[in-house]
Amino acid sequence: MFLYAAVVLPVIPIVMWSFSFRWAYPRLVPEWSSRAWDYVFGQQNIVDAIITSIAVSTAVTALSLVLGYTAAKALGTREFKGKTAVEIFILLPAIVPVISAVMGMQGIFTRLYLTDTFLGVVIGHTVFTMPYMIMGLSSVFRNYNMEYEQAARTLGADRWSVLMEVTVPAIFPGLVVACLFAFVVSWSQYLLTLMIGGTAVETLPMLLFALMGSGDYAVASAVSIVFILPVLILLVLTSRFLTTNGVASGGINQI
Amino acid sequence: MTFMELRSLTKRYEGAKTECVKAVDLKVDEGQIVVLLGPSGCGKTTTMKMIAGLIEPTSGDVLIEGRSVLSTPAEKRDVSMVFQKPLLFPHMTVAQNIGFGLKMRGVPKDVIERKVKEMLELVKLEGYGGRRANQLSGGQEQRVSLARALIVEPKLLLLDEPLSALDAELRLEMRELIREINRRYRITMMFVTHDQQEAVMLADRIALMVDGEIVQYDGPSAFYTRPRTRRVAEFFGWTNFVPAIQKGRTITCCLGEFTFPGLEEHDGPICLTIRPEAAVLCPEDQGYRAVVRKAVYMGTRIDYEVECLGSRLGISLDSERMYEKGEEIHIKLIPSKIWAVKCDGKTVCDNRVVWENPAPFKTTSGGAGETIAPSVLDPPKLPSEQSP
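So the sequence lines, in the order shown, correspond to chains A and B. With my numbering applied, the first sequence covers 55 to 309. With my numbering applied, the second sequence covers 218 to 605.
Just so you know, the hints here were simulated from the structure itself, not pulled from any lab data. Virtual Cβ for every residue (Gly too), placed ideally from N, Cα, C. It is possible that part of the hints are untrue.
Now the in silico label distances, taken between C-beta atoms and shown as ranges [stated by the list, open to error]:
1. S225(B) - K135(A): 25 to 31 Å
2. P256(B) - P151(A): 39 to 45 Å
3. N197(A) - S536(B): 50 to 56 Å
4. T112(A) - G248(B): 55 to 61 Å
5. T235(B) - N197(A): 28 to 34 Å
6. D242(B) - K135(A): 32 to 38 Å
7. L121(A) - D327(B): 38 to 44 Å
8. G436(B) - R213(A): 52 to 58 Å
9. K326(B) - R213(A): 56 to 62 Å
When you get a sec, could you build the whole thing from the sequences and use the hints?
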């Protein structure tokens, strides 16, 4: 309950701000106006930024899923020497602050002609979403019995069929959660996008920071809401999907 | 006709000091059930998975119908496997689970539907097709798993302890079902278990595996009449091992001299082994004198530990009354339940039954505290002479 309050309460003034014309000191409620929202939806660059943000985060999620899947499976299902060291190594991007890595990354990316490109931003984000993807997926694989795949193979399923017909459906709830994590991490990335994307790739956080700096709280609040909303919707949808789906299929917990 | 053959099949896992499966040679005839029996961790499952193509052997070969299948991936070997756990795909219905193998082979939907129905009938689960795996009981799940493996009409069906998670009654039912399927479809099966009772009930032949090696491959009855080594004998309930000396086919020990016509000729130390049910009560003048040291009521029979000619024997008698500790009885040994085994490298073998309190016992004839030693008594008659 307290946690709920901690999340919801700060949002209330933001919502109020976004519908205000002005909110000067002695007033308890602002002077209402839809000025900020008109501005937000009137601005082409905001709509563009939303599209860019969705594109970047989706691409990052897909890329980290493809790259992280095998690593996560190995970590979750096998025991090998130096496993802990590998796990720490994989966690590094989540531990090391973005700012300390981003300078070096920018140098390397410049030499590779990846700065100011969509691809560069996606690769940069992926570095920092990988720990969430790998750790999320590997914990799913830890409860997963590899013999499901062996059973499927003796029944005549080739590797691709095993993946699509057996593994993915079995780990689907966990897969969705890991993807969501990666998506959110990428979605809220600011510094990295700024340093590598420059002005060429303008995502929502970049615009948000710019508007914050401009001092127009009403517009900044409106953009903040636009920024939070998609993630919130995703979260609600997946949690509902996971509970209904999880109960109906029994998930993989019955192993 | 040999259907499947293993040629010095070996597996050493990465980083392991010893081989998990050591140069296993095995021939399986068509239509037979061969049971791979052994204590847990002896390499049975690894052997099975190598046959199925799920584990790559370190060396050796797997031949099916005379051809090596090592280069064939698991999904193309036509070898299906039933695992210890039912492993039903949780996101599919029972019917989808059973039909999975046919779907993978691109069989048309209506054919799959028909065959799934047949399979459900075979495993006596008509009407369960629409259920989910978690709506079934353990026995039902394993039956679905069996149907799922059978529907693809495999050349060879591997069963890896499929019944070990079920309760006794269900296990019996499932064994009969497996036996029936084997007879009806003439399908060659390999069955892994650590339960010798189960092995004996199911098998045409049993391959006993200990520490990655097959120590004996024979028909079930051979394990009860002619075990090859002490380990084999122990596994099949031979409880007494008496040190002896073999010369030709004759064995001498403290119980006397025994001749086994079927025994391999050999000179040197050996173990005489006696099944607990080898002993029967007999009149005083015909058998060994034995003194009861311990008696345990087992319901249909009574298990005794007796001291007989300086040797400690564990026997199981069908006696009308329970003999008390210290009481004297007379027993003879049934020749078909005695055998001689190699001692697995051990030159000395003693009786497994160890006295908690090895005090001398009283005899009815002798004085107090007299210990009966083999030299004191007349040599007993040969068991072969005693038999009717």
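Status of the hints after comparison with the structure:
1. Remark: the range hint 25 to 31 Å for S225(B) to K135(A) is upheld by a beta-carbon distance near 30 Å.
2. In this structure the supplied range 39 to 45 Å is violated for P256(B) paired with P151(A), their Cβ-Cβ distance being about 55 Å.
3. The supplied range of 50 to 56 Å is met by N197(A) and S536(B), whose beta-carbon atoms lie about 55 Å from each other.
4. Distance hint for T112(A) and G248(B): a CB-CB separation of about 56 Å, consistent with the stated range 55 to 61 Å.
5. T235(B) and N197(A) have their C-beta atoms about 31 Å apart, which keeps the hinted 28 to 34 Å range intact.
6. A beta carbon spacing of about 34 Å between D242(B) and K135(A) agrees with the range 32 to 38 Å that was offered as a hint.
7. For L121(A) and D327(B), the Cβ-Cβ distance of about 42 Å falls inside the hinted range of 38 to 44 Å, so the restraint holds.
8. The hinted range of 52 to 58 Å is not satisfied by G436(B) and R213(A), whose Cβ atoms lie roughly 41 Å apart.
9. Restraint check, K326(B) to R213(A): a C-beta distance of roughly 24 Å breaks the suggested window 56 to 62 Å.
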